[in-house]
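K.L.:
Kindly produce the complete structure, drawing on both the sequences and the hints.
Chain by chain, the residues:
Number of protein chains: 2
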Amino acid sequence: MTDIAAIRAAAARAWGIRVTPLLESPGLNRRAGRRVLVKAECLQVTGSFKARGAWAAISGLSEADRRRGILAYSSGNHAQGVAWAAAAHHAPAVIIMPSDAPSVKIEGTRGFGAEVVLYDRGRDDRDALGAGLAAERGLSLIPPFDHPDVIAGQGTVGLEIARQAAEAGVTRADVLVCCGGGGLSAGTALALEAEAPGLRVRTVEPAGFDDMARSLRAGERLANAATTGSICDAILTPRPGVLTFPLLQRLAGPGLAVDDDEALAAVAAAFRHLHVVVEPGGAVALAAALFRREALAGDAVICVASGGNVATGVFLRAIGGGEP
Amino acid sequence: MTDIAAIRAAAARAWGIRVTPLLESPGLNRRAGRRVLVKAECLQVTGSFKARGAWAAISGLSEADRRRGILAYSSGNHAQGVAWAAAAHHAPAVIIMPSDAPSVKIEGTRGFGAEVVLYDRGRDDRDALGAGLAAERGLSLIPPFDHPDVIAGQGTVGLEIARQAAEAGVTRADVLVCCGGGGLSAGTALALEAEAPGLRVRTVEPAGFDDMARSLRAGERLANAATTGSICDAILTPRPGVLTFPLLQRLAGPGLAVDDDEALAAVAAAFRHLHVVVEPGGAVALAAALFRREALAGDAVICVASGGNVATGVFLRAIGGGEP
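Chains Y and F supply the protein sequences, listed in that same order. Each residue of the first sequence is one higher than the one before, starting from 106 at the first, in our numbering. Each residue of the second sequence is one higher than the one before, starting from 106 at the first, in our numbering.
Heads up, some of the hints might be wrong.
[Stated by the list, open to error] Simulated coverage check for chain Y against chain F, where a stretch passes if three residues somewhere in it have a Cβ under 8 angstroms from a Cβ of chain F:
# : stretch
1 : 145-159
2 : 172-184
3 : 375-386
4 : 415-424
[Claimed, not checked] Which stretches of chain F does chain Y cover? Using the computed rule of at least three CB atoms under 8 angstroms from a CB of chain Y, they are:
# : stretch
5 : 131-137
6 : 145-152
7 : 213-219
8 : 345-355
9 : 416-423
Just so you know, the hints here were simulated from the structure itself, not pulled from any lab data. Built from N, CA and C at the ideal position, the CB exists for glycine as well.
P.N.:
Printed below as a string of structure tokens:
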């Protein structure tokens, strides 16, 4: 089980991971009606926080396991995080990606030296494909969120937020976290419980895909009706994780949700006020700070901008205000 | 005269200034043919390094002078830097801006609480306007580059580069700096002379506006033929500074220049690979790393991305590959 000791251990061996800045802008504060501190994980190596969990999991394997190789399934940011972390550990990596994943993410994954195996979401059995490759080559599977070391690695974001928020004079605030399966949210919540108990995680999801918010309300893991149909592709997952959900049930406040237009407006706000490039799925936390003001309390809020691997056309639409 | 002691003193009182990250991306390294470390000053408070010099100069004034107020002339980033630093010191600020300055920069300056006085470049005498206001209200003028404390403040970028480059394993490299009047270049060069003597500053300017490069070759201060006509509006200045030029003559390598299309391509590369928003004038150093490879030596280069206050239309043109 992941605990604060596991997160501290992950941080201690994360020499390849970047400490990302906690950004703030007077103009953004004015728009949000309170201080908004943005943890810019879009500036992380590989363009998202996923590098942290991948690094923690791969660095936690035995040397023999690493030499045989790494396997991951992902449509995007987890793929790039695993590909990069594997390369940094001189471990071969096979990444199984849907053939309709954003090309910027497929190219990025190949660019880190991974072998990309594409499958057709409608026709192929992804799990059988992966199981076959894993058995044949002895690969170690790194799942995207439901894995103790992955959660510990994502939790290093929380360690940094605790320190950086204190430096900025913020010790009581909601910490809004973009949420797919809940690895980043759960890891961050664990770190904050130990290091900054006045900071409380709240998940933010795309409207219509708010399985975590509904599950937290219901007290049990509920599924989404679909896993496609939002521009926030990075955080569309079928249901909360087995490991992540109980952690968030214990530690997180009520979940929030925003629609696609609000996510795109947050992408534009990050461009204008913070000069960072955020993808829609990585902007939902900031969108909640801007468009769910009444659901927040206090004079400061912290948002994780979890990734920046955005297709050019989507970014043009966000900042240009229309279709590209 | 500015020296390393003045830079260290400026750093010691710069509590409102952000330490910006030194970013690197495997994809960008591949494109440039060597390691490229990008000092992301576009993430600085107010969106450019200008906040540093303004802070250093204003924090160096007497309390009585600060209470009477601050005056600056600027078409953009210096205006915002001074407006913000003045507000942080509870000093009133008057910023004289040309009426054709980018509206994002005029609005930004007002947003920091400054009084903006617009003048017509063709019709009005800016200096007479400023002298009148300064005499009437007892304002202290903060010039954009030719001032010892401004150079010292910009030099804090060099202190950070020295430390961050060493952490990244780089101790010998050219440090490419976007250059207008030379305040950032000169301050950075002074800091590196003391803290990282294997790192050498080289100025980068827009082609056709390369007064500093030509002056360094000629051994005397030469003027530009014009100060408008490039998309790199942030770094178009009439001639090298009286204080900055001798420092760069002593410390800098040969100057470089890039054209507008190369600057826009660098804006797009920073968007894609680093997930930061850079304005064209702040991207010329990265452009030189990408498009003047043969003029550089060694397996690493450091570039300062000096600002990110870009008009949306210009950014759309850069990443979309056409007019908005």
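K.L.:
Taking beta carbons only, do three or more residues of the stretch 145-152 of chain F come closer than 8 angstroms to chain Y?
P.N.:
holds (count 5)
K.L.:
Is the listed coverage of the stretch 416-423 of chain F by chain Y valid when you require three or more residues with a beta carbon under 8 angstroms from a beta carbon of that chain?
P.N.:
holds (count 3)
K.L.:
Under 8 angstroms between beta-carbons, do enough residues of the stretch 145-159 of chain Y, three at least, approach chain F for the coverage claim to hold?
P.N.:
holds (count 5)
K.L.:
Are there at least three residues in the stretch 375-386 of chain Y whose beta carbon sits under 8 angstroms from a beta carbon of chain F?
P.N.:
holds (count 7)
K.L.:
Quick check: do three or more residues in the stretch 172-184 of chain Y have a beta carbon closer than 8 angstroms to a beta carbon of chain F?
P.N.:
Violated: only 0 residues of the stretch 172-184 of chain Y have a Cβ under 8 angstroms from chain F.
K.L.:
Between the stretch 213-219 of chain F and chain Y, see if three or more residues pass the 8 angstroms beta-carbon test, and mark the coverage as holds or violated.
P.N.:
Holds: 3 residues of the stretch 213-219 of chain F have a Cβ under 8 angstroms from chain Y.
K.L.:
How about the stretch 131-137 of chain F: do at least three of its residues have a C-beta closer than 8 angstroms to a C-beta of chain Y?
P.N.:
With 3 residues close enough to chain Y, the hint holds.
K.L.:
Three or more residues of the stretch 415-424 of chain Y near chain F by CB distance under 8 angstroms?
P.N.:
Coverage by chain F holds here, the residue count being 4 at a Cβ distance below 8 angstroms.
K.L.:
Report holds or violated for chain Y covering the stretch 345-355 of chain F, Cβ cut-off 8 angstroms, minimum 3 residues.
P.N.:
violated (count 0)
Of the numbered hints given earlier, the model fails hints 2 and 8; all others are met.
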